[in-house]
Amino acid sequence: MFMYNKASRLVFGLLALTPLLAITPAHAAGTAAGQSIANRATVNYSVGAVAQPAIGSSPTGNSSGAGSDTTFVVDNKIDLNVLETNTAPANTAPGLTTTGTANAVAVFKLTNTGNNPQGYTFGVTQPAGGTLFHTDTFDMTNTRAVVSGAACSTATTTTPTYNSGTDTATSVASLNADSCVYVIVLGDTPNGLPNGAAAIVRLTATAVAANTLAALTQTAGADTPGAVDIVFADSATGVHVAQIARDGKAFDDDEYFVVAPALTVTKTSAVISDPFNLAVNPKAIPGATMEYTITVANAAAGAQATGVVVADVLPANTTFVSGSITLNAAAVTDATGYTGGATPTISVNAGALNAGATATLKFRVTIN
Amino acid sequence: MKSQSSFAFIALLLPLLTAAAAAEHNRPAASPASPKVGCIVLTTAAEQQVNVAAADGSSSVQYQPAARVVPGSEVVWTTTARNNCSKPAEKVVIDQPVPEHMVFIADSAVGGGAQITLSVDGKDYAPANALTAHNADGSARAARATDVRSVRWTLTGPIAPQSEFTARFRAVLQ
Numbered sequence: 219m220f221m222y223n224k225a226s227r228l229v230f231g232l233l234a235l236t237p238l239l240a241i242t243p244a245h246a247a248g249t250a251a252g253q254s255i256a257n258r259a260t261v262n263y264s265v266g267a268v269a270q271p272a273i274g275s276s277p278t279g280n281s282s283g284a285g286s287d288t289t290f291v292v293d294n295k296i297d298l299n300v301l302e303t304n305t306a307p308a309n310t311a312p313g314l315t316t317t318g319t320a321n322a323v324a325v326f327k328l329t330n331t332g333n334n335p336q337g338y339t340f341g342v343t344q345p346a347g348g349t350l351f352h353t354d355t356f357d358m359t360n361t362r363a364v365v366s367g368a369a370c371s372t373a374t375t376t377t378p379t380y381n382s383g384t385d386t387a388t389s390v391a392s393l394n395a396d397s398c399v400y401v402i403v404l405g406d407t408p409n410g411l412p413n414g415a416a417a418i419v420r421l422t423a424t425a426v427a428a429n430t431l432a433a434l435t436q437t438a439g440a441d442t443p444g445a446v447d448i449v450f451a452d453s454a455t456g457v458h459v460a461q462i463a464r465d466g467k468a469f470d471d472d473e474y475f476v477v478a479p480a481l482t483v484t485k486t487s488a489v490i491s492d493p494f495n496l497a498v499n500p501k502a503i504p505g506a507t508m509e510y511t512i513t514v515a516n517a518a519a520g521a522q523a524t525g526v527v528v529a530d531v532l533p534a535n536t537t538f539v540s541g542s543i544t545l546n547a548a549a550v551t552d553a554t555g556y557t558g559g560a561t562p563t564i565s566v567n568a569g570a571l572n573a574g575a576t577a578t579l580k581f582r583v584t585i586n
Numbered sequence: 580m581k582s583q584s585s586f587a588f589i590a591l592l593l594p595l596l597t598a599a600a601a602a603e604h605n606r607p608a609a610s611p612a613s614p615k616v617g618c619i620v621l622t623t624a625a626e627q628q629v630n631v632a633a634a635d636g637s638s639s640v641q642y643q644p645a646a647r648v649v650p651g652s653e654v655v656w657t658t659t660a661r662n663n664c665s666k667p668a669e670k671v672v673i674d675q676p677v678p679e680h681m682v683f684i685a686d687s688a689v690g691g692g693a694q695i696t697l698s699v700d701g702k703d704y705a706p707a708n709a710l711t712a713h714n715a716d717g718s719a720r721a722a723r724a725t726d727v728r729s730v731r732w733t734l735t736g737p738i739a740p741q742s743e744f745t746a747r748f749r750a751v752l753q
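So the sequences go chain by chain: A and B.
The working numbering puts the first residue of the first sequence at 219, with every later residue one more than the last.
The working numbering puts the first residue of the second sequence at 580, with every later residue one more than the last.
In isolation and in its complexed conformation, chain B is listed as follows:
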């Protein structure tokens, strides 16, 4: 009967859909043996901010690969997340450490469309004005730029297919 065959079809389809969903949910961690390509292409670059003069006398800020980095130099860590899939990437959270030998520059983290939080230990994140650190004796105090060890961008909306989000912060080489 038609209804029976439709039901049978759905009955056959359901396990497949469930299995597919389950496969998505239980996707194993990517291993060197069989890495599964994700939807986001993540790129990190070490750059320097350069003022480029235009012919009409105006100047614009450009980012070029960091060159001649010596103690005291500022480096812009730029991370771009590009969505290579046909579906939106949602709940996107990007974490970027402040490397050893470098000090975070206060208020330098930017990324339109994201809530930016900072961390002193790489585990707990808070907005800059609510971030606390601890003194040697254990007492708490407001965190300084020198305490920041990691920066997090929590995007407020999805990254549409073929779109990209750019996150930046500046740090000084010690």
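So here's chain A without its partners, still in its complex pose:
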């Protein structure tokens, strides 16, 4: 027999069990914007069977001496991608707001796949309807994006947890080419939602000028050979969702999903010793000591359960062994866990049980 506080909270974050295989680009970000590329040809020839001095080329034509380089300047390629990190929804519970350490967070990875440091600004929207991991049925409130302080590698993708103390920036001032950063979307979950309700959220990142965050526009008209032009090169092909080509933005979707804890309880008993056999193959006879084990487990996909209290009434015809209560192998005093009287009861507060966690209560009695 057990009891637990039915006010359940959501699972804190989503610790990725297996890192997603990162979508690595075929090439590195490439030659930096502003790099000058130079080339010069050389011709050797003869006139009338007499070898002539070599001549170097020039952009307009050279006929004596070494000539001069033909050059162009590499332009600024704007390209980026935004990817939800762990192919799973962010579990939440009705009424959960983004305070403290337990909250609903959707995590995305932003990568600069262009060839120049850029700044980035963010927008959070909630496309109506549609299906991601489940079908969209509600909207989160107070949604906003913050930049995670967690380290980011383009080689592997993780799902960092939200740190409300450090994750406060709402834009990226400057991200180098071929580098990435994690962006966390926070939101409040409305009350009165049933289990299984889902809200799809979309994070859009816009490439802007580094540090000033000024909006970028593609350089129109003819190329300016000596200056760095801006070229939006982001494609319409997205890894998860189709994109809009060449707009200097990228986006991806994630989902908040309302779940409840899923607890199971098991109870076993064992004879520890009896007055005659002692501890060797003891039997359940008057005077023997029995140990009861009560295990409460939260399923792997369950929301976090809080205020879990494990309790049991002492079996009839037994006497409680003082000082025998343990919770998760740590001793619990009689004053805390035992209540005597007409129906002696063991009752211990196990606190919070995360998804996949177990609380184990043990106590001993002697058979009257």
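No lab work stands behind these hints, which were simulated from the structure alone.
Positions of the beta carbon are idealized from the N, C-alpha and C atoms, including for glycine.
Treat the hints loosely; a few may be bogus.
Have a look at the derived ranges for each label pair, beta carbon to beta carbon [stated by the list, open to error]: (1) A:A267 to B:P644: 36 to 42 Å; (2) A:T339 to B:G701: 44 to 50 Å; (3) A:P271 to B:E679: 22 to 28 Å; (4) B:N714 to A:H458: 38 to 44 Å; (5) B:T735 to A:T374: 51 to 57 Å.
Now the stretches of chain B that chain A is said to cover, found in silico as 3 or more residues with beta-carbon under 8 Å [claimed, not checked]: (6) 649-656; (7) 664-675.
Counterexamples of contact, computed for chain A against chain B with all Cβ distances above 10 Å [claimed, not checked]: (8) P312; (9) D354; (10) D441; (11) K501.
With chain A fixed as given, assemble chain B onto it according to the hints.
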């Protein structure tokens, strides 16, 4: 005597011709102080291939100055050699490097009337199917497009006066 004066004339002319020939042969390297104009005007351009649609619906390939070159862009390096002299330019050999940050596109070198050879080190040239490169451990292997650092056009015939020869290859910006 007439024969003597003819001989004297030839005798006078010979040293001049020899001197002229010698001057052609021993022409000093062009210096900024006194560059000697050669017979070839050599021009190199960075271009991009553009398909231009004609009014009748057909399309043709045109070359325009390279614009908006970003990593992944293809550039056509076009070199033209024009003979500005009144005599043919013979044994014409044009060398053009593949610049840093760019990768040669296999089979992209063209130039009608020339044997095209490639080099991985800028010194030794060989046809594409005979070009070798070396691994880190020193072992030899067939060269790949990424190994090519220079392209050479060895013209099979002369460039006639007022004619020009065009050499092209394509490379991708890294």
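Check the non-interface label on A:D441: least C-beta distance to chain B beyond 10 Å or not.
Non-interface label fails for A:D441: nearest chain B Cβ at 3 Å, not farther than 10 Å.
Please check whether A:A267 and B:P644 have a Cβ separation lying inside 36 to 42 Å.
Distance hint for A:A267, B:P644 holds at roughly 38 Å.
Status of the given 38 to 44 Å range, CB of A:H458 versus CB of B:N714:
Cβ of B:N714 to Cβ of A:H458: about 40 Å, so the range 38 to 44 Å holds.
Given a hinted range of 44 to 50 Å, is it respected by the beta-carbon distance of A:T339 and B:G701?
Once the Cβ atoms are compared, 47 Å apart, the range 44 to 50 Å for B:G701 and A:T339 holds.
Given a hint of 22 to 28 Å, does the C-beta separation of A:P271 and B:E679 actually sit inside it?
27 Å, holds
Starting from the hint 51 to 57 Å, judge whether the C-beta atoms of B:T735 and A:T374 obey it.
56 Å, holds
Determine whether the non-interface label on A:P312 survives the test: each CB of chain B must be over 10 Å from its CB.
A:P312 is indeed farther than 10 Å from all Cβ atoms of chain B, at 49 Å.
Hey, does A:D354 actually stay past 10 Å from chain B on C-beta?
Answer for A:D354: holds, closest chain B Cβ roughly 37 Å.
Report holds or violated for chain A covering the segment 649-656 of chain B, Cβ cut-off 8 Å, minimum 3 residues.
Per the Cβ count (5), the hint holds.
Over 10 Å from every CB of chain B: does A:K501 meet that, or does the non-interface label fail?
75 Å, holds
Apply the coverage criterion to the segment 664-675 of chain B and chain A: a residue qualifies when its Cβ sits closer than 8 Å to a Cβ of the chain, and three qualifying residues are needed.
Since three or more residues must qualify, the claim that chain A covers the segment 664-675 of chain B holds, with 11 doing so at under 8 Å.
Hint 10 alone, counting from the list given before, is not met by this structure.
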